[in-house]
Amino acid sequence: MSWLQDLQHLFGVQDAKQLLLIGMVPVFGLVTIWEMFRFGRTPVYDVRDSLASVALGGSYLLVEAGFYALFVFSLGAWVYEHRLFTIPINGWTFAALFVLGDLCFYVNHRTCHRVRYFWCTHVVHHASEHMNFTTASRQSTLSAISGVWIFYLPLIWLGFDAMWVFFALSLNLAYQYFLHTQWVRRLPAPIEFIFNTPSHHRAHHGRNPRYIDRNYGGTFIVFDRLFGTFVPESEEEPPEYGIVRQVHSYNPVVLTLHEWIAMARDIARPGPLWQRLKHLWKPPEWERELRPAAEQRTEAAA
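Residue 1 is where the sequence shown starts when you use my numbering, and the numbers rise one by one after that.
Hints are supplied without guarantee of correctness; some may be wrong.
Restraint ranges, calculated between C-beta atoms of paired labels, are given here [unchecked claim]:
#1 Arg83 - Trp260: 28 to 38 Å
#2 Trp274 - Leu51: 24 to 34 Å
#3 His248 - Trp92: 43 to 53 Å
#4 Ala189 - Arg265: 42 to 52 Å
#5 Arg83 - Pro43: 43 to 53 Å
#6 Leu75 - Ile22: 34 to 44 Å
#7 Pro238 - Ile194: 30 to 40 Å
#8 Leu70 - Asn208: 21 to 31 Å
#9 Leu226 - Leu30: 42 to 52 Å
#10 Pro283 - Phe178: 22 to 32 Å
#11 Glu236 - Ala77: 48 to 58 Å
Just so you know, these hints were derived from the structure itself, not from any lab.
Here the structure is a predicted model, which is why all the values come from computation and not from measurement.
Quick reminder that beta carbons are idealized off the backbone N, C-alpha and C, glycines included.
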């Protein structure tokens, strides 16, 4: 599979992940425009929300491309030098890498929901109250800097070349772009059983209690079924999109920083240092369990 190396030399890109994602931007743009015309004047799209999502997606790609080029790809090369095995890439090993990469994505995604430090980054993606293709591009500018890539280093240490690991991840992420839609309802049962689908991902984005912290899969939904985090989309209870405490802002800076600021305030509250530092790794709802009920009611009413 030397074609990937040839493309890298042609475009001067070291990180295969960015090569594919940037190359897919025209495709993402075309399907997004088509969906906009498909739904027309409906609540599916909000111009301000979509513009915020696109702005965040652009800054995410730029910052991540720079950070990967300056640091992550070099770290991946260093980890590969200390690998356990050397796994050559062919059709079978790449298929194995893709499945293992999706398992790493599941662990990454679940951690981003259950560890507040990582939630500060991932919350940007969930803050939209709309579900459409532009929501897929809504990513945190600080994503790469926060270290979410650490979940894929074990694959490099195992023996897969870093370039192929990040390329497999980019295929996974490109697939997920097309999950962010209300146009596709349900697919045939075998597909719904094995793969992550728009229906499964709509449930993941729901802030209804039954949907919170469910359906973490990237390309496949089988890991959610195995680990007990799967829930089907219900026609009786359609997902309400967004987060429990809505941001009510279209400012990309506010969307990027609001949860980091909230976490910093919680850490700065009076109390034992060790207790306050737990805000870094405890679940996002943990701080609400500690704070006085009256204070929470005041915040909810604001």
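Next item on the list: Starting from the hint list further up, note which numbers the structure goes against and sort them upward.
Entry: Violated: hints 2, 6, 7, 8, 9.
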